[in-house]
Structure formats: structure tokens, C-alpha cells
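Starting from the known structure of chain V, arrange chains S, X, U, B and R on it as the hints suggest.
Protein chains in written order, with my numbering: chain V, 11 to 306; chain S, 11 to 306; chain X, 11 to 306; chain U, 11 to 306; chain B, 11 to 306; chain R, 11 to 306.
Quick caveat, the hints were computed from the structure, so don't treat them as lab data.
Nothing here was measured: the structure is a model prediction, and the numbers come from that model.
It is possible that some hints are incorrect.
Identical chains blur together in the list; that is why a pair holds if it fits in one copy or across any two.
[Said to hold, decoys possible] DSSO-like mimics (lysine-lysine), calculated; alpha carbons at most 27 Å apart, straight line:
| id | residue 1 | residue 2 |
| --- | --- | --- |
| 1 | K175 | K149 |
| 2 | K149 | K102 |
| 3 | K113 | K149 |
| 4 | K113 | K54 |
| 5 | K175 | K102 |
| 6 | K102 | K297 |
| 7 | K175 | K104 |
Take a look at the letters that make up each chain.
Number of protein chains: 6
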Amino acid sequence: MLAEIQLKEIVEQISNHFKNEELFHIKTGYQMPDQNAITHILLKIRQILFPGYFSHELSCDAQTEYFIGNHMINLYNELAIQIKAALAQYKKEKTSEERIAEKTDEICSSFFTSLPHIQTLLIKDIHAAFDGDPAALSKEEIIFCYPGFFAIFIYRIAHELYHLKTPSIPRIMSEYAHSQTGIDINPGAEIGEYFFIDHGTGVVIGETAKIGNHVKIYQGVTLGALSTRSGQLLRDVKRHPTIEDDVTIYSSASILGGETIIGKGVVVGGNCFITESVPAGSHVTVKHHDISITET
Amino acid sequence: MLAEIQLKEIVEQISNHFKNEELFHIKTGYQMPDQNAITHILLKIRQILFPGYFSHELSCDAQTEYFIGNHMINLYNELAIQIKAALAQYKKEKTSEERIAEKTDEICSSFFTSLPHIQTLLIKDIHAAFDGDPAALSKEEIIFCYPGFFAIFIYRIAHELYHLKTPSIPRIMSEYAHSQTGIDINPGAEIGEYFFIDHGTGVVIGETAKIGNHVKIYQGVTLGALSTRSGQLLRDVKRHPTIEDDVTIYSSASILGGETIIGKGVVVGGNCFITESVPAGSHVTVKHHDISITET
Amino acid sequence: MLAEIQLKEIVEQISNHFKNEELFHIKTGYQMPDQNAITHILLKIRQILFPGYFSHELSCDAQTEYFIGNHMINLYNELAIQIKAALAQYKKEKTSEERIAEKTDEICSSFFTSLPHIQTLLIKDIHAAFDGDPAALSKEEIIFCYPGFFAIFIYRIAHELYHLKTPSIPRIMSEYAHSQTGIDINPGAEIGEYFFIDHGTGVVIGETAKIGNHVKIYQGVTLGALSTRSGQLLRDVKRHPTIEDDVTIYSSASILGGETIIGKGVVVGGNCFITESVPAGSHVTVKHHDISITET
Amino acid sequence: MLAEIQLKEIVEQISNHFKNEELFHIKTGYQMPDQNAITHILLKIRQILFPGYFSHELSCDAQTEYFIGNHMINLYNELAIQIKAALAQYKKEKTSEERIAEKTDEICSSFFTSLPHIQTLLIKDIHAAFDGDPAALSKEEIIFCYPGFFAIFIYRIAHELYHLKTPSIPRIMSEYAHSQTGIDINPGAEIGEYFFIDHGTGVVIGETAKIGNHVKIYQGVTLGALSTRSGQLLRDVKRHPTIEDDVTIYSSASILGGETIIGKGVVVGGNCFITESVPAGSHVTVKHHDISITET
Amino acid sequence: MLAEIQLKEIVEQISNHFKNEELFHIKTGYQMPDQNAITHILLKIRQILFPGYFSHELSCDAQTEYFIGNHMINLYNELAIQIKAALAQYKKEKTSEERIAEKTDEICSSFFTSLPHIQTLLIKDIHAAFDGDPAALSKEEIIFCYPGFFAIFIYRIAHELYHLKTPSIPRIMSEYAHSQTGIDINPGAEIGEYFFIDHGTGVVIGETAKIGNHVKIYQGVTLGALSTRSGQLLRDVKRHPTIEDDVTIYSSASILGGETIIGKGVVVGGNCFITESVPAGSHVTVKHHDISITET
Amino acid sequence: MLAEIQLKEIVEQISNHFKNEELFHIKTGYQMPDQNAITHILLKIRQILFPGYFSHELSCDAQTEYFIGNHMINLYNELAIQIKAALAQYKKEKTSEERIAEKTDEICSSFFTSLPHIQTLLIKDIHAAFDGDPAALSKEEIIFCYPGFFAIFIYRIAHELYHLKTPSIPRIMSEYAHSQTGIDINPGAEIGEYFFIDHGTGVVIGETAKIGNHVKIYQGVTLGALSTRSGQLLRDVKRHPTIEDDVTIYSSASILGGETIIGKGVVVGGNCFITESVPAGSHVTVKHHDISITET
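Chain V extracted, bound-state conformation (with noise of 0.2 Å):
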């Protein structure tokens, strides 16, 4: 057992640190956003989206319009506490509680008023996936347990709360995407319809990235920048590529770099490094002599 002398130096340390150190220092009297509560208003807004797949609640047809309704209702009052939280930790000295309190309520009635589109590209995405894999048995099984889409699906939700300008939230959802499916999505990029990601495990898709429509993509591949050493002055530049439409990009291709161009139709073959802009319609590829075999 440690000693009474030996806890008490202990504890004293370690909350010392905490009231020294600038970083540590949340604003009291202020909730921190949750991270389940946010996770289970995702699980929520997944039911809602598609009633019937994750919810034993529903049980006949008539009941949807209720379903929707009641669950509706509680989300945004749950939601409207994890963001009155989130703009209470990052506001500035000034902003009044009934600012942040307006604030919340702008936000989330833009969110909520936005759900049905958001469910539009959802129904689009998972087109995508099952007409771009042979492997898929149906459409019940993308929605049910492909993790590229289920990926998509928070991508989508974090997205739209990121562009309202919710402090925190969105990242608190894409790391939880990230967790689940290793496929890293920050909230920031643009990505448009028809989108798949195949696999998906270590995809990573940075904050100013741009992706048009029907893309589809592989486990491994990463939309980076080309370096990040100057760290918090490249905050607001374009670090990230642009891949425009109809492109296929294989497993554990790397492109990089804020100018960096993919155009329309190329495919980009697996393992392929790029750091330069690609001509539309062009096939990229690895070249073969890359490789040595070595009878023994």
C-alpha cells in the first residue's frame, strides 16, 4: 500500500500540474462536449435516416411518421446541449450566455433542415458502393456493415455541422469514424456524390482536400500535403489535392500536395506516389522492373 505521505505528495503533483500548466486550464462552470453523447446522437440520426435497420422500435408502417417525430424532437435537444457546450468552451471573453444560446439554435435548425438532403446523398452513395462491388450481395448489407459507408455516413453529418461553424463537435464525430473503420475523413474536406471507399482501412483524406462526383476509392490510400513542418501558420492554406470526377484510385496510393490535380476519369493504379498533377483520362501505374525476384 502507498503510504499516507507518499498519496498525498503524489496527488499533490499531479493537481499541481493541472492548475500550473496553461493548457489544462477548461473554463469551468462549463460542461466539456461528451464524447458518448455525441456517438449515441450519431446512432440516432443513423435510425432516423434509415428507419428500420438499427432499431427494433419500428414495427409497421404506420408508425414511421411517429417514429421520426418523436426521435426527431429529443436529437435536436440533445445536439443543442453538445454544441452550447462546445461554443461555451472556445468563446471569447465577451460573447454573452444569450448569444451562445441564439447561436445553438441557428445551428441546429440549419442542421435538422438539411437532414432530408443529407439523406438524399446518403441513398446515392450507396448506389455507388454496391454497383462498384462485386462482392456486395445487396444493398441491405452496404447499409447494414460496409464501413466505407458507414464512414461516409458520419463524414457527411460532420461535415454540414462544420460548415455551420461548430467548434470541436465535428472532429469529436470523424475520430469516432476513424476508431471504428480506420478511415480518417477530416470534417473540413468537400466530397462530392457517389462516393465509395472499398476496404478503407488507413484512408486518410485531409482538411482541404476537394473530391468530385463518383469517385471510388481503396483501403490505404492517403489525399495528404506535401509537408506540414511550418505547422500552425499553414492553418488556412490548401494543403491538400483535388481528384475531380469519375477517378479510381487504388489500395495505398499516396497523393499529395495542395496543388496537386487529379483530372477527370484517371486511375490511379495501387501503391503510386504523386506529388504532381495528372492529365484527365490518364492510367497511372508503378512501373514493373520496381520489383526483383530472386530464385534461391
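Coordinates of chains S, X, U, B and R only, in the frame set by chain V:
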């Protein structure tokens, strides 16, 4: 707060998407398979096959048979509920309820009868892991916390159900393994004895891949298709490679194509990108001149 | 339904595998370490080191010391139970119960005494992350949801216990981090101050790797062994590279071998595959002519 | 520890009692009604009939209908499962599955159609409680925490199901009320409007009791049978008293016998023991000379 | 299944009752007090006042103050939420939000300041129980499982809050005790030191009862009102008896009326029914000739 | 908010009461028995003795022995933990740890060996309940929801442990029954075969009461002591009555005193108050002239 009118509109839009869009037509009156229940089944099977490792319930040797017998019958029923739900969702219009019940029973009986054989295969996989990893302190540690072994365990369960033509459930199982370990093994793949995956994050093994005995692979290895642009037309074609006995594949190597055969005893070096067959006994490595070192 | 006879047979077969196969001999009468309890301990330590971030329990400054003191003593006991279980499973036959209790107390006391130091290291890691990532909006966000930081936090805890020769538990901890973040850092690795991993999925850092101060690495980086074909014979050999101070390693680079040294200040470009030492100050990049672009 | 042989013996003895004793023959293959599920149903009905009192889910007026509609359909299904189980356990050999399903639907439909009427009765009971108890601060408090009102609420639900000839479930409901409040109202009793029980512990109201409107009773009151020594032969005989309108019965009074009628407006004093009818308008009291006071 | 039309009708009827009936007007936008939260608060207070008895969290003496301090601050906040909700539900129209917050703080501060005094009273009650019950094996057993002591504990907490004019919450607390123990003590009653209730089921102690020191009562005892027919008009009248010091009241005795005084040292025998004062020092018993024994 | 100084003071006062007051000295380093764990044990025993009634786990006859055997061993361990904790709290200073472990094992072994006998007694109690209650629809209903039977079940378990001289646990068990059913049977009482309690609320059966076979009692019956004013001096004296075979005691009768014997076959009417023996075969009733009826 959302105005009442605004709320009604959003609810109606979402509800109408649900009703109009053909893809959302789940068969009302039938349950969907339940992901949580399926996860629970997997973890229960693990408790039965490795009694004492994952359950405080087992406290002495005299209890072993009671423990296995008691849980197995419950498992039988829990699995039957899921299989029945899956069969009902994908049934053709004329298939009777009786036929589904019968089919459920056939699959369940075959599956449980094969459990001792699966246990035997897993014991061999544990030997392979212990022999293959210098960092392994004991065999218990492998059962306890090796993600590679966990993914193989789930694959062997899911593959048996795939083999018995159970819809959806094998895929839900393999995506659970994928989300926990970053290892994505399609349940259709055929994998021999004494298989070992080290670290494992980013591994992808496609639906029609074939792997022999005593094969060892590392993180980031893809056994993939060359191209999947023809979509659903490729459903029954062999699209993934064949790996013969005693092959080792180091990290981030990609081996692609249904006609690519990696011969007995081949060693594939890290980051190799292979789209053609490699004769037995050879070593494949990335050429050294691929890298340029510039002093600054 | 399984016939009663068939059931008895399956139960007996599984039960007999359990009894015959040497590898399953867990020591009856001793508990196995419990993965859930260990996860719980990690999350509690995080609450103590970052008070107010992960617990609604802390509601004002006056409470801080009470909060830390109260939870620390419970943590001490929870951790002691797990360590005792681990020591008992791996004890030699002659080791007495008293010796195990004594050893448990030694490890626990040392571990808790080192907690303020670990907290100090983690504060430095947070500074490194904020300085190194243009997308980071605040230091709070890093503590809250950066997977790279979460993996380093768990590594620093697990490494201390590894250093104190605790069996099994450090590995169970690092595999938890691995499953949550896709980052696999062996608790035996030695890592300096101001360490940052961005995105992180697919990172592997081997048991005998050494990493200096101010090092930054990206997703998919492997610090691995050249070959592991000699299995358990390699247990105590240095098999993984040494990375000196101020090195940056971009995504999917592989650095292999126990004698490979990456000198001070080196920048390793994305996808590089390195098996030999690199002198201080140099830049390593993939050669551009590796890729062929074909217009179609 | 129990020796293995000893264990087997105890298990076999208990198991054989189970198999031999006729009374334990539950119908295998049918579920038993589930007490927890039934409790859950009762609490859900309370949420629906008093929206906003027992659920944080309801947050504005616009939600009320969605809330009721959504939960009611789920309740319908939950209740149907329990009723079906109860009907199956008590079915005669020749009753077909179809007939049970049909019967379940009939009971459920009638029950839900009567819910608005039950709500109306309960509102009247709340008025009676508020008017009758000087200690009641508000009507909300009665809904919230008066055990007498809780018991009456459950009685009115259980009585409707008793009336529809549902086996077992009404009794399970009334025993739940009994265990929570100490008030034991048999679901067969017939009770009028504006009924109030104060304090309530120890109240017993028998199966064939009849109670008029505006009746008020206190703790410890028994409306019981004179003798029950003939056991099952008495099943359909009126064994419990009739209480007419506007009667008050103070604490611990007992009124026994199927032919005993307490006339309109009677006041029964505390501790009275009554086995014969009392004419309308009279006051019944314990005689004062029953007590002797001895100074010591 | 309910037809869609039928469902709409039932939902509307219930919803309309809710909207029309005045009694259901809870103040929208304010939370109702939460029974589960209040129960939780009571059990937490018990953990603090009797450290180590009801929580595994306390494992050594050095932890005691940390334990109490940590939980007390959380309790403060949890209780404040409930008190605020209760004050808001019963506030007059003009009362401002600020006044409610202020009032909440006043009540909470006073309540917590009185906790050590309440603990002192409870310690005296434990002594009374041990001295008064030959079946008590130890004082620990009394703290642990005597329902009489549990009811007194809750009474002393609820009485303090009643005294501070907290609406609703004291009654919710006393009804919790009532439902767990069958002992119904109105929080308004005034009870002296060294109080003991044995067995307790059916005990009722009214709002305006006064009880001296060293009083002992048994199951089924009522300290009630003579008549309550004037309803709400009696709200502030003394309706229940006064019991002076050193009185013992045996099982099922009833003492009624606001002017009835049971003098110092009186012993009231079982089943006595008393509506007039009894002089100090006397014994009250049921007369023996009340019973007739008939040989059959 | 409490000021920091004020908080410290309250914490210190409560903490000091804890340290100074002798009665709170629980033996540090030993666990207290855990009420929840003991409740859980009781409910598990019920599952084992009535397989299929209270657990969905049992789904076919082939499973019965596995089910009982598996749970029984866990129960053995769970009960042993509680018994050891109870023995340690009450041990004399010199008793060694080994002796406690030994004693725990003796009690547990005896207890489990007696379970089949207890099951036999309970089956007889069910027959008594069915024969004695005209409102009982089936024997299943009695097992399922009769509070009288539940109280007797717990009594029979607690009595066996009382008989084996287990401290505290039997009382914790009987107080659980008391809180659920309002029936308070001291575990020391001796009760014969075919015992039935109808309704039950308010029943009290004292520690030294003796009850023969085929006895039936109703709600509110007290088998109590005449006076308990000598406190702990009465600990081992017979203080409660003896009830011979075939006696019926109707509601709210009180029978008091250790030398009071109710002879074979006696019928005691409701509300009788008896302090002297009654010869076999007689009927005891309240005299009719006790009540006065006044017309108003």
C-alpha cells in the same frame, strides 16, 4: 426550437424518401439480423472454445462440461434466430415459412457439429503465432490479445457459415473483426492450417483468395483484385490471388489478380507490388535504387 | 434442434481438446487478467491525469485534490488485482504467495510514484501535436480526440509497467490502443519527449525500437524487423531501428532492421522503404521515375 | 470445494425432482410470461397516460402526439408477446396456434381501445385523492409519488385485462403493485369512480369485492373472505363484501364475507371488525370500554 | 394489429385529455423532479455518512476524507438540480429565474451544513435499536439491513429539506422509504433522539405528529388523524397526536387525533385503539374478555 | 456553492464522527457482505430449484442438468465470498485466516448438500398454497408471483444458513424478503411442512417462534414477544409462541409470548389478540359486542 410546421416538413421528407426509394424496402414483418446479437454470439463461441479465458463463470475443472453444454444450447437458439432473420430477408417470394425453419435447422446443426474441428484449426493457428513471433511471451497471451488471432478466429467461424450459404451474417461477422483489428478477411476466402497475421492493421484478403498451409503475413498486406470496374458482372469470377504453402509476405506488399500464384516457400519483401505469378522458392524484394538520399 | 446424443458428443470433444492440449493449461484457482478491468484502469488514469476532461464528476476547483486522491486509491487496488493475477499465471512453481503479494506491491508503488512524471511527458506530447498539426484548433481537442495522442498516452503507461517487468498487462494495454486507433506500439519500445503521430492508422513500432526527442511520424509508418524467421530464438536481440532526435517520417514509410539508424534531423518521405542507416540531416525520397503515366 | 461426485449427485437430485414432480411441467417450447417485461409495460403505459411526468423524452407540446403514437405501437407488440405466452401456457391441447394468435389480437385491440376510458377514470381518482388528503400539496405530487394512486393505476389496467380473460398477467401486475405499495387489490375486484386509498400499506381487496363511487379507505383495511377452508371449491362463489357509494373506511378495519353489504354513506372507524351488513348512513366505531388504562 | 385509423383516434383522445384537463399542466420548459435521481441522492448520502458500509470504493483509512469530499461536491450539484426543478414547478408567476437559483443555493448550503448533525442523530438511533432489540447481533447489522433504521435515516434527511421549505422532494423521499419498508413517516413529523421502529411494516406517522426522545414503536402502529373529511381545509391544523419521552407502543396500536397526548413513560399494548390522552406513566392494554374461545 | 473552507469543515466533522465513534469500526481490510450480491444469490438459487421459470437460458430438456451444474458451481463461489466476508467481520481476534476459510467451506458444503431437501419442502408449500387459495388459477402462478411463497422460499434458504451459524447473511436475506413482500420472518424461526401465507403484508414471525405442519396464516398476523424491554438480556430466551399442526390464523391476529401454545387444529379469527395458550381444536373469535353502530 424548430417550429412545428418546419418539423412536420422534415419528418415527411425523410419518411417519403424511405417509402419511395426501392432500396429501403426491408421486408416488414421480418426482423433484420441484429449486429449486437451477432457480436455476442461470436464472443460466446470464443468462451466455449477456450473455456476459462474469457469468462469468470468457470471456476473449476468439474464445471467444464456443464459450462460448455449449458451455453452451447443457448447459442444454438441465439444463432438460429439470426439465421432465420437473414434467410427471411433474402427469401424468394414462394419460399414457405416451413422451408426457412428447416433451412435454419440444417445450417445450425452443421455449424455446431463442425465446432470441434474449428477448435482444432485454431489450436494450430496458436502454435503458428507462437513460433512466428519473437515478441510473444506465451501462448496464453496470443489467445488473450493478439488481434491477428482474433481476426482468424472470426474468419474461421464466418467461413463455415459462408460455406453453408448463410446470407449476410458471415459479412457482419467479418466486418466486426475488421472494425476491431483493421484486418479485413472476406469470409469467402479459403485459408489453410497454421496461419499467422502479425500486427495486421490494413490487411485485406479478398473473397476468392486461396491460401495454403503455414503461411505468415504482416500488416498492410493486400491480396486483392486487379480491377473491379465491371462491378456486379464479376460476382462469381476468381479475382484474387492464390498463395501456396510456406509463403511469408512482409508488410504492405500488394498481390493482385485472380491468376496470380505465389509459389510454395516464396518470401515477398515489404512494399512489393505484384501482379504476376512468382515461381516457388524465390525471394521478391523492392529494388534498392528506388530511394534517393539527399544530404541537405 | 440438436439431438441429445449429438450434443453430448460435441460437448465432450470440445471439453477433451481443452483437457488434452497442453497449451490450454491455465492455472486453475488463479484468475486470468481481465481485459475489461484493464481498459477501465487506463481510462481512469486518463481521468486523473487530465481532471475535468473525461468525467462529469469534477465540478469545481476545490474538488480537484479530493477527486484525484479518491480515485487514485481505488485505482491502486484495481491495478494490484490485475498485476497479482498476471504474476500468478506466470509464476514458477516454487514462488510463494507471499512473494507474489510483495512483488505486486513493489510494482504498484513504483508505478504510482512515476505517474506525475508520465503526466509531464504527456503535456510535452500535447505541445508537439499542437505545433505539428495545422488542422488542430486547440490543445483541448488533442487531449479529447486525437488518436495519436491516445496511443502515446497508453504507450507511456504500458511502457512503465513493462519496465517494471509486469507480465501480460502491458501487452493487453497496447493491443487495446491498437484496436481503438490502428496504432501498434510495442510497450518495450523506447520513445523520447515531444513525440507526435498524425492520423496514425497502420503505424507499427517494434519491441526493440528506439526513438529520440521531437520525432513526428505519420500513418502507415513501420519501424520493423528485417526478418523474423528464426522465431523465438530472436527474443532478446535488437531487431528494430533507432530514430534519432528531430526526425520526421511521412506516411507509409518502412524502416527495418536492428542496426538501421536514422540520423538526427532526417526527413523520410512517404512510401520510402529503408533497410540501411541514413546520415544525419539528409532527405530521403522515392524517386520520381517509379511511376508511369499513360494517357488512354 | 464440492467434490465432483457430490456435485453430480446434487445436480441429479434437483434435476429429477424437476422431471418427476407433475407441478413443474411448464410447456417446453413456449415462453413463460416475463415479469420484468410486464413491469416495463406498466411503466410505459403510465408514461403515455401522463405524458411528461415520467419521461425526459417529451420536451415540447408539438411532440405529444408523436410521443404517444410511437410508444403505443411498441407497447402493443410488447404486450402481445406476453399475452401470447400466457395464452399458450394455459391453452387446452386442441387449441391451435392460429386461435391463440387471433385471441391475442382480440385482447390487445380491446385493451388499447379502452385506454382513453381508463385515463378518464384515473383523472377522477386524482381529484378524489387531492380532495381527500389535507397533506397533498398539489395534484402533480399525487401522480408522482402517492402509492395509493399507483396501486389504483395498476388495478385499473389489470382489471381490464382480467375482464378480457387474460390468464396470469393481471395477477403478475397486481403482485407488482403489492410489492411496491403493500396494497393488494385482486384484479377481479370491481371498483367505481373517484376511489382513494391513503397510506395504503396492508390493504387487501379480494377477488369478488364490489366497491361503489366516491369510496375512501385507509391503510390496513381488509375486504376479505370469512373462511377459505374449502379451498378450490369456492373458486366462483362471491366471498368478499360489497361497499356502496360514499363510504369511508378508516385504518385497520376488516370487513368480511360475500353477503356483507356496507350501505351508502357509512363511516367505518379504525380497527372495526365487521362480518355482517351495516345499514346506509350509519357510523361504526370500536367501543371505548375495550381498553384498560392502569397507572403504574 | 390496430388499424391505422383506430390508432390515430386513441392517440388523439389521450393527447386531448392531456391538453384539456387542467391538472396535467406541468410547466413546459422546466424539468420535473426525477424520482430515480432522488433515490440515488439518498443512497449516496448514506455512503457518505457511513463510509465503507455501502461502497467498495473505500479501501483504507487514508482515503476517508478524499472519499467524502469528492462525493459531497457531486451530491451538492445533483441535489441542486432536483431542488431547482421542484422550485420551478411550484413557483409563482412573477418569481424570477435568479430568485430560484438563489433559493436553491440557500437550501443546499443549509442542508449540507446540517449533515454532520444528522449523522449524530443517526448514531443515537443506532444505539437505541441495538439496546431495544434482543435479536440484533451487532450494530453493523442495524446499519446494514434494519428497515426501521433505513426509514428513520430517510425521514431525517427528508425532514431537514421539509424544514427548509423544499417542495415535492421530501415527499418523494418518504414515499421511497415507504415502498421499501412499508413505513410511512410524513416528512413534516417532528421526532426526537434515540428513536427505534421494530419490524415496521404498516407504521404510519402523520404530518403534524410530535414524538419525544427514547420512543420505541412496532409494526402496524398508526399515529393518525381522527377524521379527514374536511379535506384541504385542514391543511395547517394539528391533526396527529403528541407522544412524549420514553413511550413504547406495541404492534398495531392506533393513536388518533391532534389533541391526543401520550404522557411520558406510557406503555401502549398491542392492538389498542386510542383517541384520548393518556396520563404519564400508565399502561394501556386491550381487555381480556374481548376474545371468546369455543371448543369444537 | 459551498465555500472551500465550509466544505473542509463538513468533511472533517463527518470523517471524525466516523473515526471516533466506536460503533463504526468496521474491520479495515475485510470486505463487508454485499447486499446486492446476496440478493443475486437468492434469485439464482430460485432459478436452479425451479428451472425454466425465471430464466430464458433454459430452452430444452436436454439442457437441464448442464444448466443446474454450471450455475451451481458459480453460486458456490459467490456464496463463499459472502460467507467469508461475514465470518471475517465477526471473527475473534485470534481466529486465523485458515480457520475462516475452512469454516466457509464447511458451511457452503452443508448448504448445497441440503438444497434438494429444501426443494422438496418448497414443492409441499406450493401444494399447500394451491389447496388453500380459491383465487389461485394454477400452481405455476404460485411459483411465479405469490409473495407468500416468495417469502417462504427465502425463509427456507436463510434458515438453513442460520442453522449453520452464518452471521449477518440470513438476516440480510430475510430483510430482502421483508422489503419485497412486507412479510418479516426471522431466519431463526422453525417452520414445518405445507406452510402457506396468504396476502402476507404485515406478517411478523419472531426469532424463537415454532410452527408445525399444515399451518395457514393471513396478512397482518404477528407471532411476537410480549415485551422486549430487557433488551439484549433476552437474547437466548424463547420469546415467541408455538403454533401446532393444522392451525389457521386469520388476518391481523396477534399471538404473543414464548409460553403461548396454540393447540393442534385451532382456528384463530381475524383481529384476535392472544397472550395465553389455546387448547387444541378450539375456535377463537372477537366478540360481536365490541362494535357499536350508530345511525346518523
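message: Within, between, both or neither: how does the pair K113, K149 come out at a Cα-Cα threshold of 27 Å?
response: For K113 and K149, only the inter-copy Cα distance (23 Å) is at most 27 Å; the intra-copy one is 38 Å.
message: At most 27 Å between alpha carbons: which applies to K175 and K149, within, between, both or neither?
response: between (33 Å within a copy, 18 Å between copies)
query: Is it within a copy, between copies, both, or neither that the alpha carbon of K113 lies no farther than 27 Å from that of K54?
result: within (23 Å within a copy, 34 Å between copies)
message: If the cut is 27 Å between Cα atoms, do K175 and K104 qualify within a copy, between copies, both or neither?
response: Answer is within: at 19 Å inside a copy they meet the 27 Å cutoff, but 38 Å across does not.
query: Given identical chains, is K102 near K297, meaning Cα to Cα at most 27 Å, within a copy, between copies, both, or neither?
result: neither (54 Å within a copy, 48 Å between copies)
message: Within a copy, between copies, both or neither: which one fits K149 and K102 at a CA-CA cutoff of 27 Å?
response: Result: close only across copies, 16 Å inter versus 47 Å intra.
message: Please sort K175 with K102 into within, between, both or neither, judging by C-alpha distance up to 27 Å.
response: Within one copy, since 15 Å is at most 27 Å while 40 Å is not.
In summary, the one numbered hint that this structure violates is 6.
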